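Novice: Here are the chains, one letter per residue:
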Amino acid sequence: MASGVNRQPFGLRLLTYGFIVVWLIAAAFPFLWTFWGSFKVELDFFSIADWTNAIFGRRTEMTYGTPFTMAGYEGAWVQGEFWRSVINTGIVCFFVVCSSLTIGTLGGYALSRSGYRYTFWLLIIALIFRAMPPITLVSGYMLPFFEWNVWGILPTTIIVLVAINQPFTLWMLHSFFQNIPKELDESARVDGCTQFQAFRHVIVPVMWPGVITTGLFSFLLAYNDFAVTSMLLNEENRTMIPAIAAFLGSTYNEGQIMFAVAAVVSATAPLFFLVMFFQRQIVAGLTQGAVKG
Amino acid sequence: MLLFIAAPIVSVVLQSLHTPHGAVLVEAETCTPLSGCILETTIDQEATRELREAEPLGRLVGFDIYLDRGHLAFAEVAEAWRQSDDLGEFWTSLMNLPFYRAMAFTLTFTFIVTPLMVILGLVIAFAVNSLHRHLKGLVIFFSLLPFTVTPLIGSLILFWMIDSRGILGDALVYLVGDPSFSLKASTGLMWVSLIVYGIWHAAPFAFVVFYAGLQTLPMEQIEAARIDGATRWQQVRYVVVPHLMPLVTFVALIQLMDNFRVFEPIVGFNAEAHATSLSWIIFNDLGGETRQFSAAATSSVLTIIGVTILLSPVLVRTWRDFRDKK
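From first to last, the protein sequence lines stand for chains A and B. At position 111 of the first sequence the residue is numbered 111 (the working numbering), and the sequence of numbers has no breaks. At position 90 of the second sequence the residue is numbered 90 (the working numbering), and the sequence of numbers has no breaks.
In case anyone wonders, no lab produced these hints; they're calculated from the structure. Treat the hints loosely; a few may be bogus.
If you want the footprint, here are the derived chain B segments under chain A, 3+ residues with CB under 8 Å [what the hints assert, rightly or not]:
1) 97–104
2) 136–144
3) 258–269
Predicted, not measured: the structure shown is a model, and the values here were computed from it. Yeah, the Cβ is synthetic: ideal placement off N, Cα and C, and Gly gets one too.
Turn these sequences into a full structure, and let the hints steer you where they fit.
Specialist: Okay, structure coming up:
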């Protein structure tokens, strides 16, 4: 019955749909455009003469015989050795996600089950660190790293990323564990489990949704990071994002901006699929802290 | 069990404390981070290296770096104040100091992007909420894209489009009717494009949060309002918006902090000449041939202070919540 009364007037509905269409174009069009353009030559991607060139690829056809070319990708992946960065990103992301989830799960669980006052302060400190720009911390890391001669390699970067990521993971898993009723592990304790057994046999089986969501966000952080990785990694250990920035530095001179375009598209593709498959978890993670707070 | 939590946090604390200590007590081996620096190194390599090995953190100079031209620059500010006749002139000379220039952009960016993005997010949430169920998933998927994509990549994609040879830049040239028109040429327009990027990037976050909030709307209240004869607009104004208000504060605060550390778009837009931010200053000091650790650390501490000021309302609120729960 409510729907009948609540039906929108025609004008408002039209306005709504119009707005949605405008927003969708604003949100998605840049990606489609860049994806389409990445198969063209630079003169088409940046078409001075006629913007329809970018759609039909006339100059690409003149150069390569077809309106689509993989030249940009070839240049980026083979000539620019982008595959190296891809592997590095994979390594960094994998280890960052694994280690921050391990620490975060255990820590978040313990924090949520302990009623002491200092847990509050620990969480507040975590919140402050979450707000800190990573780059302010980086300047603190660099000098000691040079001293110990561990600058530029992957393990140190992974440790730094885990440390930067930890407050967030802790905060998120803490609020997740608080939603799991205490009675669950208390009854396990009554039945004779130790605290750890209660965690292992009772909590672990029900914690996966929260862990997956948190893991996704850790992954995004490690994947998207530019400030830390560009400062702490040397040239051959670069991950994708600093590698793209480096492409830009050199490509403006050589007129091979298409390398960077192709690299950008390659780096966006995994994110695209990530959002597609884990949309629900991402939405849940974004709203989790908010709706409760 | 507590060890498991305490250890990483303590390590985070220790590591991050490095920055303030490094900045407050320390200066890079040779000098102030101005041009005198380089001279000294070239003259006395041997002694420098010895000194460097003896004291890796450097010489103790107290607050000198905070007051030099690159940072707070009180002396220069006072000088400018004395010499300029009116506020406009004072402002111009203030904008020549890197710290204040960065501060001006950071604050402008933060305080323009945050409210606009909240409003845009709210409107999108309302619009999507009234869509058909099957369409919603698709729209949410595309809406999330600008937010999940790497900031640097997102800004690069937009930057290529607004390039005067890119499609948007081309369209603008056509609209303005001036073939030499370029967004990159003027400071004001560059700021506008950075701000547009900021809103584009952050609006999905606000949208998703508000959308989730709309799902928990109190239907009874809305019905009651309708029975009392409230128009659609009044329902939104007096029932829905107050219901979403806590979320608005939450989103606004998170975004204040995030926008305050704006950094990647400046690199992506190649906008260093027109707009710098505090984070960018740190990045710039750390990179390149001369790694000016002390200068960067000082900027870091100043940024941290700024973040803390912005964060204080959240902290107070969390503290109150916690106390009430007890």
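Novice: All hints are to be evaluated individually against the structure, with a verdict given for each.
Specialist: Now the hints, each set against the structure:
1. As drawn, the stretch 97–104 of chain B meets chain A at 0 residues by the rule of a beta-carbon pair under 8 Å; below three, the given contact is violated.
2. Check result for the stretch 136–144 of chain B against chain A: holds, 7 residues qualifying (beta carbon to beta carbon below 8 Å, three or more required).
3. Coverage of the stretch 258–269 of chain B by chain A holds. Counting CB-CB distances below 8 Å, 5 residues qualify, and the rule asks for three or more.
Comparing the model with each earlier hint shows a violation of hint 1 alone; every other hint is respected.
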